[in-house]
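The listed protein sequences correspond, in order, to chains X and E.
Just remember that this note's numbering sits 13 ahead of the position in the first sequence, which is counted from 1.
Just remember that this note's numbering sits 282 ahead of the position in the second sequence, which is counted from 1.
Hints are computed from structural coordinates only; laboratory data are not their basis.
On a predicted model such as this, the values are computed, not experimentally measured, just so you know.
Be a bit skeptical, because a hint or two may be false.
[As the list claims (entries may be wrong)] The calculated lysine-lysine pairs, modelled on DSSO-like cross-linking and capped at a C-alpha distance of 30 angstroms, are:
{"#": "1", "chain 1": "E", "residue 1": "Lys391", "chain 2": "X", "residue 2": "Lys43"}
{"#": "2", "chain 1": "X", "residue 1": "Lys137", "chain 2": "X", "residue 2": "Lys229"}
{"#": "3", "chain 1": "X", "residue 1": "Lys43", "chain 2": "X", "residue 2": "Lys137"}
{"#": "4", "chain 1": "E", "residue 1": "Lys503", "chain 2": "E", "residue 2": "Lys391"}
{"#": "5", "chain 1": "E", "residue 1": "Lys548", "chain 2": "E", "residue 2": "Lys414"}
{"#": "6", "chain 1": "X", "residue 1": "Lys43", "chain 2": "X", "residue 2": "Lys72"}
{"#": "7", "chain 1": "X", "residue 1": "Lys137", "chain 2": "X", "residue 2": "Lys72"}
{"#": "8", "chain 1": "E", "residue 1": "Lys414", "chain 2": "X", "residue 2": "Lys43"}
{"#": "9", "chain 1": "X", "residue 1": "Lys43", "chain 2": "E", "residue 2": "Lys553"}
[Claimed, not checked] Covered stretches of chain X, as calculated for chain E (at least 3 residues, CB under 8 angstroms):
{"#": "10", "region": "179–187"}
{"#": "11", "region": "225–237"}
Where a beta carbon is used, it is the ideal one built from N, C-alpha and C, also for glycine.
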Amino acid sequence: MAMKQQTLTRLLFLLLCLPGLSCMEEEPYKLAYSGFTPQELQDGWSLSTPEQENMSRSKLNQVFSVAYREERFRLLRSITIIRNGNIVAESYAHDPQDIGRIQNVKSVTKSFTSILTGIALQRKVLDSLTQPFSTIFPEYFSNRPEKRNITIEHALTMKTGLQYNDEEHHYNFYFSNNIIEYVLSSPLNGPPGQLFSYSDDNPTLVSYAIQRKYGKSMAEFAREYLFTPLGITDWQWESSRDGVSFGGSNFYLKPRDMAKFGQMLLQNGKWQGRQIVDSTWIAEATRDRYANGYGYYFWLLPDLRSYCAAGHGGQYIIVVPYKNLVVVVTAWPYMQDTDWLRDNFLGTLLKDIINACS
Amino acid sequence: MVDSVLLSSLQLGTRSKETPVQKLSMKEKMKTILLVVFILLGVPVFGQQVSMPGCEQYFGYSLGFDNIKEENLLPKIHTGVMHMFSYGLDLRGERYHRFQLRLGYGNIKTDIEREAGTYHGHVAVTYFQGFKIFEREKVQFYFGPRASFTSSLYEYEVWDEAHAHWGNFLSLGLGNSVALLVGERKSFLLHFDCTLLGLYTRPDPYRLYANEYWTFSNIVKLMNSHYRVGSVNNAFQLNASAEYRTPLFRSSALSFSFSLFYSRIKADVGKPLREFTPKLSMGVWL
Chain X
14 MAMKQQTLTR LLFLLLCLPG LSCMEEEPYK LAYSGFTPQE LQDGWSLSTP EQENMSRSKL
74 NQVFSVAYRE ERFRLLRSIT IIRNGNIVAE SYAHDPQDIG RIQNVKSVTK SFTSILTGIA
134 LQRKVLDSLT QPFSTIFPEY FSNRPEKRNI TIEHALTMKT GLQYNDEEHH YNFYFSNNII
194 EYVLSSPLNG PPGQLFSYSD DNPTLVSYAI QRKYGKSMAE FAREYLFTPL GITDWQWESS
254 RDGVSFGGSN FYLKPRDMAK FGQMLLQNGK WQGRQIVDST WIAEATRDRY ANGYGYYFWL
314 LPDLRSYCAA GHGGQYIIVV PYKNLVVVVT AWPYMQDTDW LRDNFLGTLL KDIINACS
Chain E
283 MVDSVLLSSL QLGTRSKETP VQKLSMKEKM KTILLVVFIL LGVPVFGQQV SMPGCEQYFG
343 YSLGFDNIKE ENLLPKIHTG VMHMFSYGLD LRGERYHRFQ LRLGYGNIKT DIEREAGTYH
403 GHVAVTYFQG FKIFEREKVQ FYFGPRASFT SSLYEYEVWD EAHAHWGNFL SLGLGNSVAL
463 LVGERKSFLL HFDCTLLGLY TRPDPYRLYA NEYWTFSNIV KLMNSHYRVG SVNNAFQLNA
523 SAEYRTPLFR SSALSFSFSL FYSRIKADVG KPLREFTPKL SMGVWL
């Protein structure tokens, strides 16, 4: 009997050993750091070196080493550094193939919406910033008199007053068959123009205004007046079920094309000699409009004398005019612990990158 | 009741048919069994069920340790507790017909998440038909084909707020079952099966555009489109279990078991989904 029990014990032990066969190894998200030399891709960018652009190679090496090594940057995907219009450094921490992959830039989308608004004004697609939405799509306001004076500028500054919360409304927002009706059905927190409330609904009102006046979606407007001039060919822009481009998120782009957008901002709206958007619009959009660190869908970084387009989880296009510098960062758009990259990157590594410029 | 029937059947076999195996010591008998199980079949053989002819039903609950690695999404392992409810139906005679239905639910997380934000639903339907290969005193061994359908659905809210991820596998394979009588109406059962080929479906790894519409019908439709044929290189599953059964009442038995489920499903494009779930189960045979 004892022998039988011993054999059974051995059998059970064998079963317990099977987990070892499962090949469920935890792999690091980031690769080992192997340098930041940019790749030649024939995509409209010229490449350079830190020395040629008066940047410290050792300081940049330190930045990349820290970003690769430290756990606080655990979901980092890429860093691209452009100085004087040339790519000086880039590295893809998760997968080298990311250089050719589009990814969701999350709320960086809003900054694209901002620039498209400027182009729409410049091209007289939109009349003015003070134009109420109720004059562009009046059918949505017939039974909402309290919302008839919501203007494009209110939406650009997140001050429509609509009581909308991204987390609470996310699902219905994306699956609404009539997204504008859904957005405008939210009650008002207060009169338009007073309360700042950051959300995805306001930029979508702007997107729909451009669509109504242009006759095609904002994504198509962007294709003609922004992406084609910038040489951006690989992109996707999600739209609602009724065909309205989401103005606040879910736009997909490659890191180097994000950098083109940043460089165009740095050059006051010009790209390769062509004026894409008025420089005055960029100045207006990147000015702290209500002392809340926010312009027209751009965040201001006064301590660093710079501004940025910022997206959830660590997507950034950072423009540092006084150093003629653009920095693009992408990361996994992880949903918990939302500030992990913002606090760490902007607070430390961005300063180090700026300090690497002489 | 179940085990007493088995006991009498095995004892009857002992009286009517003296074999050299029966004269061996218990240690040697076990070695013989292991030889058959591990060498002749080339795989470890574990099984379940000790019932004799007649219909038996099993109702059980399992507590598992869910390990998931969806590499299309990220190279991290999600772990957590899995709850599973099982129903089984057995017909055992010269052939052994075994049907199982398992429904599981897990709430899992990676090591960097503060709280579990990923949900895992699992459905498995398995049928095994075993042919009696070996029968000695207190031992029965069946070997034969098995077919199954397993479906795992994941919602990684923290990592991918837009998409469902899944691995479905309609498979054919081989299984075997060993029943050992270990005491008065008490039995120990081993079962092992694995897949050889089948139809599988995985999501497109590059679905970047458009949130999925999370209705039941849409998700079922989405999960069951674009099936491809594949063998062990693309899709492989393994089930192993060890069960101890002891009488409860006259016609029922209490069952305790430890089991393992391993699955790897990889489409031609993209990376694999791996699941590994060791489970402890408790149930009744009626």
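- prompt: Checking against the hints above, which ones are violated?
  reply: Result: hints 3, 5, 7, 8 and 11 break, sorted rising.
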